[in-house]
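Novice: Those protein sequence lines, which keep their order, are chains A and B. All letters in the first sequence, in the order written, are residues 1 to 367 by my numbering. All letters in the second sequence, in the order written, are residues 1 to 162 by my numbering.
Keep in mind the hints are simulated off the structure, nothing from the lab. From the three backbone atoms N, C-alpha and C, an ideal C-beta is built for every residue, glycine too. Some hints could be false.
Stated by the list, open to error - Below, computed lysine-lysine pairings styled on DSSO-like, alpha-carbon distance capped at 30 Å:
#1 Lys347(A) to Lys142(B)
#2 Lys349(A) to Lys64(B)
#3 Lys142(A) to Lys55(A)
Unchecked claim - Where chain B lies over chain A, by a calculated footprint (3+ residues, C-beta under 8 Å):
#4 43-51
#5 228-235
#6 308-319
As the list claims (entries may be wrong) - Partner residues aside, some chain A positions facing chain B, computed with beta carbon under 10 Å:
#7 Tyr106
#8 Pro164
#9 Ala166
#10 Met169
#11 Val240
#12 Ala248
#13 Gly281
#14 Arg283
#15 Tyr303
#16 Cys305
#17 His326
#18 Gln341
#19 Leu356
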Amino acid sequence: MSETREPPYKKVKIAETIDKFLQQIMLSKKNLQAIVSDELIKPVPFTKVYVGNVKNVKELSKIITILNEKIPIKELQHLKRAWKKEVLLCPVRYLNSMTQESIQEYLEHKVSELKDSFEYFKVMSLPSLPPRLKKQHIDYSKVWSCNFHPNEYLERLCGSDFFPVAELMKHRCYMGVAFETARYYLSEKNPDLQLSDILLRDINATVVVDPSICSIVAISFDNRECHPIQHSAMLAIDNVAKTQKGGAWNTSTDREYPPLPGIDNNLVLYLKNKFPNAKFGARNYVTKEVLDENRMSASDSPYLCTGYYVYMIREPCIMCSMGLVHARANRVFFCLSNNNQGALISKTKLHCVPSLNHRFEVFTEFL
Amino acid sequence: MVEFMKRALELASEALSAQEVPVGCVFVINSEIIAESRNSVNATHNPTRHAEINCIDQVIDYCKTNNIDYSMCFKNVTVYVTVEPCIMCASALSNLKIKEVVYGCANDRFGGKTVLDISNFYEYNYNLTGNLMATEAMALLKQFYKGANPNAPESKAKKEKV
Ligand SMILES: [Zn+2]
Ligand SMILES: [Zn+2]
């Protein structure tokens, strides 16, 4: 219908040094862009329908009532049954193609009382899905009259100024923390670390934030070279579990972990130095039993990654993205796309699969 | 084949007794079980601790201890799992280039074939067959969902599935 609004993955000019790159990430005022389902940004599929031009406009409402009863069209509820003098009769596929049934024959067979009501018939292509954005509604209305329920949140989400500047700077700062984490671990083995070592290697770093207290709950760095499923998101989910009296993997500094489990305490010192205003640590975990005993509500304790924001330097793979669905993360932010494995825009949009019981929002375009 | 699925079902019942979503799994090489496990999501508070992930960890630990290249090991593995692997586990198994997956009942909430066919995204795909002792696998799941997941907060419990 209209031109699509995929985030433009055009070549962005990237700074040459790690410091300059991080400045670009953290100081840019450019807003982030939500990755939304294709239904909202791609042209919708059209479906072929029969339309009848009524002879007598006075009969229109009677005809509509009869049609709604005798030939209901469940899958096209968003289309009004009539527009001006024209009436939507049925999708073309309702007719028997084996016998090459005509629309006149079909009407005589289904609603014989309307067999003489129409001047002529025609085939039209109409949008097969309801309009969800104002822009779509305007487009669709050029061809047919549609039911439309505007959703202000969705309008903003699909727009280009979703986050207010103050909030945007927080997201950019947490993304900076993710890159500093990658830099910290990679420079351990390579003191002469270059920006390309971070950008081009198939590694990831993850920072999990509880936005209700503006605090970093967990951090992780990829260990896939030693353990093929210890991608950083999987490690981050386990580190979050460790803040909730759980966890499965024995990672480096485990026993006592103020303030963050599963990672090198020196990393926290390094990050505190780089980000003096950042807070670390999770809300107090309360077990189900204690919650029940004290008649507290479920929201009085963290539960998995419910409500948490997840910042990753690179688009997570399918395994990690599904892990984050299982963990009930609230929002996922990533900076670099992952053309070979990425599951949030590159290969698929996992967070838009309609049958999954939990969905998170995804934001990108830090560059 | 049936004997391995029977073992996986035993592990799934064990999960049920531990109030976990009843899914069990065994990894087999040359008719020999090399890893076996079940769901441990509630015990670990980690929602990714599915039976398959636990088995993968066992194999990696074994290989590390015995100085074996795990990639050589995984490529000979046949996985018997009572429920179709979810999107996450299916991707993990694809990445590890395992040989084959045989499952019991389909996973219509999270299945890596049923809900989203991940084979479209990978160059390497293992051989996938289902419906081996599906009724038994499904019966365990039904039993679990008759009582709610004890670890999920009340508001979440109703939504929680497989
Ligand atoms: Zn991953
Ligand atoms: Zn799984």
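Novice: If a hint holds in the structure, say so; if it does not, say that too.
Specialist: Each hint tested on the structure:
1. Taking the CA atoms of Lys347(A) and Lys142(B), the gap is about 34 Å. The hint is violated against a cut of 30 Å.
2. The suggested pairing of Lys349(A) with Lys64(B) is violated, with an alpha-carbon distance near 35 Å, which exceeds 30 Å.
3. As the CA atoms of Lys142(A) and Lys55(A) are separated by approximately 23 Å, the hinted pair is consistent with the 30 Å bound.
4. Only residues whose beta carbon comes within less than 8 Å of a beta carbon in chain B count, and the stretch 43-51 of chain A has 0; fewer than three means the coverage is violated.
5. Counting residues of the stretch 228-235 of chain A whose C-beta sits closer than 8 Å to any C-beta of chain B gives 3, which meets the bar of three, so the coverage hint holds.
6. Judged by the Cβ-Cβ criterion of 8 Å, the stretch 308-319 of chain A is covered by chain B as claimed, because 3 of its residues qualify and three suffice.
7. A hinted interface residue such as Tyr106(A) counts as satisfied when its beta carbon comes closer than 10 Å to some beta carbon of chain B; here the least separation is about 36 Å, so the hint is violated.
8. Because the smallest distance between the Cβ of Pro164(A) and any Cβ of chain B comes to about 29 Å, over 10 Å, the interface hint for this residue is violated.
9. At about 31 Å, the closest approach between the beta carbon of Ala166(A) and any beta carbon in chain B exceeds 10 Å, and the interface hint on this residue is violated.
10. Interface hint at Met169(A): violated, since its Cβ lies 31 Å from the closest Cβ of chain B, which is beyond the 10 Å cut-off.
11. Among the interface hints, the one on Val240(A) holds; its C-beta lies about 8 Å from the nearest C-beta in chain B, closer than the 10 Å criterion.
12. Interface restraint check: Ala248(A) against chain B, minimum CB-CB distance 4 Å, threshold 10 Å, status holds.
13. Annotation: interface hint on Gly281(A) violated; nearest CB of chain B at approximately 17 Å, more than 10 Å.
14. A least Cβ separation of about 14 Å between Arg283(A) and chain B goes past the 10 Å threshold, and the interface hint is therefore violated.
15. Against a cut-off of 10 Å between C-beta atoms, the interface hint on Tyr303(A) holds, since the closest Cβ of chain B lies about 6 Å away.
16. For Cys305(A), the interface hint holds, the least distance from its beta-carbon to any beta-carbon of chain B being 8 Å, beneath 10 Å.
17. For His326(A), the interface hint holds, since its Cβ comes within 10 Å of a Cβ in chain B; the closest pair sits about 4 Å apart.
18. Annotation: Gln341(A) was flagged as interfacial toward chain B, and the flag holds, the nearest CB pair being 8 Å apart, inside 10 Å.
19. At about 7 Å, the closest approach between the beta carbon of Leu356(A) and any beta carbon in chain B falls short of 10 Å, and the interface hint on this residue holds.
In this structure, the hints that do not hold are numbers 1, 2, 4, 7, 8, 9, 10, 13 and 14, in rising order.
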